[in-house]
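Q: With the hints as constraints, model all of the structure from the sequences given.
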Amino acid sequence: FGKRRFALGMGMVIGTIVGFTIFNIANAFTPLNIQ
6 FGKRRFALGM
16 GMVIGTIVGF
26 TIFNIANAFT
36 PLNIQ
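In this text, residue positions in the sequence shown follow the working numbering: the first is 6, and each later residue adds one.
It is worth saying that the hints were derived from the structure and are not from the lab.
Mixed in with the good hints there might be a few duds.
Taking CB as the label site, the calculated pair distances span [what the hints assert, rightly or not]:
#1 Pro36 x Phe11: 39 to 45 Å
#2 Phe34 x Gly7: 40 to 46 Å
#3 Phe34 x Gly14: 30 to 36 Å
#4 Ala33 x Leu13: 29 to 35 Å
The structure displayed is predicted, hence computed values, not measured ones.
A virtual CB, placed ideally from N, CA and C, is assigned to each residue, including glycine.
A: The structure is reproduced here in structure tokens:
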């Protein structure tokens with residue numbers, strides 16, 4: 006049970022990091038005048 010919860014937490018952390026990275030990359034490729 007503990008290991009399953011740990012895996013779930015790691016999945017959420019990795020998902021958050023991946024989403025944040027994708028967001029930053031999308032921001033980098035977006036022209037500044039679209040703010």
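Q: Run every hint past the structure and note whether it holds.
A: Results for each hint:
1. Pro36 x Phe11: 39 to 45 Å: Taking Cβ atoms as reference, Pro36 and Phe11 lie about 42 Å apart, which means the hint holds.
2. Phe34 x Gly7: 40 to 46 Å: holds, 41 Å
3. Phe34 x Gly14: 30 to 36 Å: holds, 31 Å
4. Ala33 x Leu13: 29 to 35 Å: holds, 31 Å
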